[in-house]
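Colleague: Assemble the whole structure, with the sequences as input and the hints as a guide.
The listed protein sequences correspond, in order, to chains A and B.
Per this note's numbering, the very first residue in the first sequence carries number 17; after that it's consecutive.
Per this note's numbering, the very first residue in the second sequence carries number 17; after that it's consecutive.
Heads up, a few of these hints could be off.
The list treats identical chains as interchangeable, and a pair is accepted whether it falls inside one copy or across any two copies.
[Claimed, not checked] In the BS3-like style, the derived pairs of lysine-lysine whose C-alpha atoms are separated by at most 27 Å in a straight line are: (1) Lys60 to Lys40; (2) Lys60 to Lys70; (3) Lys60 to Lys299; (4) Lys156 to Lys40; (5) Lys106 to Lys78; (6) Lys156 to Lys129; (7) Lys156 to Lys60; (8) Lys60 to Lys33; (9) Lys405 to Lys74; (10) Lys248 to Lys202; (11) Lys74 to Lys60; (12) Lys125 to Lys405; (13) Lys405 to Lys202; (14) Lys328 to Lys156; (15) Lys299 to Lys127; (16) Lys202 to Lys372; (17) Lys125 to Lys106; (18) Lys78 to Lys45; (19) Lys70 to Lys40.
Don't read these hints as lab results, they were simulated from the structure.
Protein chains: 2
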Amino acid sequence: MRTVVKFGGSSVADLTKMRMVAEKILQRKRQGESLVVVVSAMGKTTNGLLSLAKEAVKNPSKREMDMILATGEQVSIALLSMMLQEAGEKAVALTGYQAGILTEGLHTKNKIKDIDVRTIERYLAEEAIVVVAGFQGSNKEGEITTLGRGGSDTTAVALAAKLSCPCEIYTDVEGIYGIDPRLYEKARLLPFVTYEEMKEMAFLGAKVMEPRSVDIAKNYGVPIYVGATEGKEPGTLIGGGNQHVEERSITGLSIMDNVMMVTINHLYDVTENIARIFNALAKEEINVDMISQSPMPDHSVSLSFTASQDDKEQVLALLERLLEEVEEAELQVETDIIKVSVVGSGMRTQSGVAAKIFSLFAEGGVGFRQVSTSEISISYTMEKKHQEKAVRLIAETFEL
Amino acid sequence: MRTVVKFGGSSVADLTKMRMVAEKILQRKRQGESLVVVVSAMGKTTNGLLSLAKEAVKNPSKREMDMILATGEQVSIALLSMMLQEAGEKAVALTGYQAGILTEGLHTKNKIKDIDVRTIERYLAEEAIVVVAGFQGSNKEGEITTLGRGGSDTTAVALAAKLSCPCEIYTDVEGIYGIDPRLYEKARLLPFVTYEEMKEMAFLGAKVMEPRSVDIAKNYGVPIYVGATEGKEPGTLIGGGNQHVEERSITGLSIMDNVMMVTINHLYDVTENIARIFNALAKEEINVDMISQSPMPDHSVSLSFTASQDDKEQVLALLERLLEEVEEAELQVETDIIKVSVVGSGMRTQSGVAAKIFSLFAEGGVGFRQVSTSEISISYTMEKKHQEKAVRLIAETFEL
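Modeller: See the structure below:
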């Protein structure tokens with residue numbers, strides 16, 4: 017049986033932890049498994065290298081940044097291979113380039129274009145454990161590239177896709193939870209989530225897997241197992257179809273904070289002004305999330321949208337300039353807004369989830385500002401002070 | 017004008033020192049020079065990586081060792097390039113592999129087989145400063161390799177050979193001295209040494225340049241300049257022919273310590289026994305340096321040879337086993353022996369250097385044990401207690 021197993025930076029944070037990982041791999045190898053192991057840089061190495069570059073110069077060039085960052089995994093794959101070899105197994109460390117990982121795009125945020133798995137296949141045929149550097153590859157010019165946030169997961173899933181085998185991701189959490197256990201202590205570990213649910217949850221703020229690795233898994237039908245490196249609990253399987261044992265209307269709940277809500281009251285000539293505003297925001301690459309509008313008693317409109325609080329200065333400067341000529345318009349910004357999202361592929365078939373939540377919020381006195389829905393999710397923006405109550409009401413009602 | 021300039025680990029030990037190196041390079045680039053810069057890993061990085069691997073496992077595999085060690089230069093070339101770019105110059109960092117450095121041999125002690133300089137030539141044509149990782153390359157299987165001791169010098173000299181240009185080596189000493197200034201404070205900095213002299217001095221214990229980089233320089237006629245990174249003094253030129261301004265009979269003096277002298281007295285059946293002894297030593301890969309034999313009053317022979325003190329246990333065990341059947345033979349080992357060597361291409365044309373030193377030693381009461389000569393050197397073994405006097409006598413007489 018062939019498997020791609022991936023260990024994140026916290027699983028190989030020091031030599032002691034790395035030895036435990038080596039032990040796990042050795043046990044499985046000795047049971048006859050064929051293993052490709054993807055490893056991240058040890059612990060905080062990547063952050064350390066980033067700091068070093070920023071200490072050296074104000075604006076590190078991205079090509080050379082990639083060259084520095086790639087050394088982190090180069091060290092961890094070599095050390096892990098040495099440990100496997102010392103235990104008497106054949107093992108080989110391959111950098112992104114050597115593993116045939118061809119990327120394209122901008123330095124520091126490359127995407128995997130293709131993987132030439134011939135080298136890996138050759139070593140697997142020789143019964144070697146193949147240890148591949150996560151997060152990195154090289155482009156067609158032979159330059160060293162990195163894959164950005166969540167890059168090692170992407171490496172693992174893409175390798176599993178090309179090697180036609182399942183992928184296991186080991187990390188410092190037990191698996192995927194319906195709610196972040198830091199938000200709701202009785203949070204339930206999910207035995208199964210669909211690709212769609214996982215992707216929606218990732219987009220809506222859950223930090224376990226990057227949406228793009230879930231996309232690859234879905235496209236190639238790669239089953240992904242997520243579990244704790246040292247855990248004995250069964251973790252979570254991410255897969256296709258709908259293998260939920262019991263039909264659940266809601267699988268998970270995510271919170272996105274650091275949100276601000278911008279409101280423009282007394283807006284006349286709505287169509288024209290809305291176009292001007294959103295074109296200007298798009299031009300400055302400001303991501304606008306939820307948009308709502310409501311009529312005002314003076315027959316004008318109140319327009320609201322949410323965006324990241326990080327963009328506050330830029331958004332305010334832009335809108336003040338735009339609204340100079342719009343006499344009556346009145347600009348308001350509220351920070352400390354959160355976005356609460358519930359996700360579940362069961363929503364497709366079960367009606368009334370939104371209605372149920374509306375009445376929960378009404379009874380509980382949870383005021384919300386905006387609502388938006390997708391096929392498998394519903395999101396609400398609200399003041400942060402309502403977060404605890406909203407989470408508890410939803411978690412208890414839907415047994416998350 | 018095109019030049020390969022090399023900066024060792026001590027020249028880029030921290031970001032402050034690296035900034036000074038960047039400044040030096042920028043000044044020359046702005047005067048219109050075309051520069052290929054070879055850099056070692058920062059300060060003690062290589063030793064740190066070695067220790068990490070040895071902490072991980074008892075016997076690190078050499079292939080993976082090379083992979084770890086190569087990260088040291090990968091970081092330093094990227095940082096230096098960032099600094100050059102921030103100052104507004106075009107610069108590009110190339111790992112050994114990217115620079116086209118093809119190697120062959122055993123991991124951790126590869127030799128440069130060839131360099132495909134097309135990538136470097138392309139960047140030079142674009143007026144970029146090309147920053148190349150010293151000490152590393154890759155073999156024809158695409159594996160990362162390192163060049164062993166003095167590897168960055170070898171990279172620099174080999175690049176200069178292939179790019180048909182001179183090579184400048186910047187280090188933490190002012191140049192090549194006739195004697196190590198720690199041994200003789202009035203030591204003279206040599207403005208010029210020939211390739212042959214440099215190589216002989218390197219072999220005989222001077223630690224400035226590895227013999228194999230001198231070999232490459234000689235074969236391709238690459239002039240090498242050696243000087244201090246922060247120095248204002250003119251350093252030393254290593255070149256062909258004999259450009260010494262005044263004909264000197266001796267150019268330099270080297271000391272090799274950590275030597276032991278093994279003596280076997282009362283050895284009969286000399287021819288047979290000597291063959292047995294040296295065959296056995298060769299089989300265990302023990303390097304024997306100087307050999308001498310002298311007749312004893314009982315018509316037997318006294319055989320002496322020198323070797324590294326590091327091999328003492330191994331040599332003793334071997335000889336005791338061999339001499340079990342040789343009844344009269346008597347084994348003695350003296351440690352704290354040194355080898356004093358004088359080097360000079362002028363010896364070829366000037367006779368009497370050996371005679372002059374013999375009489376110096378006789379007058380000064382410096383007892384020596386063995387003498388050996390090559391075309392441009394004479395070596396003496398003696399007890400360490402004679403070192404200071406021997407050095408002073410030779411240095412003063414030959415004005416080193």
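Colleague: Checking an output row: Lys125 and Lys106, CA cutoff 27 Å. Within, between, both or neither?
Modeller: between (33 Å within a copy, 22 Å between copies)
Colleague: Between copies, within a copy, both or neither: which fits Lys70 and Lys40 at Cα up to 27 Å?
Modeller: Result: close only across copies, 21 Å inter versus 37 Å intra.
Colleague: I want to check one pair: Lys106 and Lys78. Are their C-alpha atoms no more than 27 Å apart within a copy, between two copies, both, or neither?
Modeller: between (36 Å within a copy, 14 Å between copies)
Colleague: Is it within a copy, between copies, both, or neither that the alpha carbon of Lys60 lies no farther than 27 Å from that of Lys70?
Modeller: Intra 16 Å, inter 21 Å, cutoff 27 Å: intra and inter.
Colleague: If the cut is 27 Å between Cα atoms, do Lys156 and Lys60 qualify within a copy, between copies, both or neither?
Modeller: Neither: 29 Å inside a chain and 34 Å across chains, both beyond 27 Å.
Colleague: Using 27 Å as the alpha-carbon threshold, which applies to Lys60 and Lys299: within, between, both, or neither?
Modeller: neither (35 Å within a copy, 48 Å between copies)
Colleague: Indicate which option fits the pair Lys60, Lys33 if close means a Cα-Cα distance not exceeding 27 Å: within, between, both or neither.
Modeller: Both: 14 Å inside a copy, 26 Å across copies.
Colleague: How would you classify Lys299 and Lys127 at a CA-CA limit of 27 Å: within, between, both, or neither?
Modeller: For Lys299 and Lys127, the Cα distance is within 27 Å only inside one copy (24 Å; across copies 54 Å).
Colleague: Are the CA atoms of Lys248 and Lys202 at most 27 Å apart within a copy, between copies, both, or neither?
Modeller: within (19 Å within a copy, 71 Å between copies)
Colleague: Taking 27 Å as the upper bound on the Cα-Cα distance, should Lys156 and Lys40 be classified as within, between, both, or neither?
Modeller: For Lys156 and Lys40, neither the intra-copy (35 Å) nor the inter-copy (33 Å) Cα distance is at most 27 Å.
Colleague: Checking an output row: Lys405 and Lys202, CA cutoff 27 Å. Within, between, both or neither?
Modeller: Only inside one copy: Lys405 and Lys202 sit 14 Å apart there, 83 Å across copies, limit 27 Å.
Colleague: With identical chains treated as interchangeable, where does the CA-CA distance between Lys202 and Lys372 reach 27 Å or less: within a copy, between copies, both, or neither?
Modeller: Within one copy only: 21 Å inside, 93 Å across.
This entry does not satisfy hints 3, 4, 7, 9, 12 and 14, going by the numbered hints stated previously.
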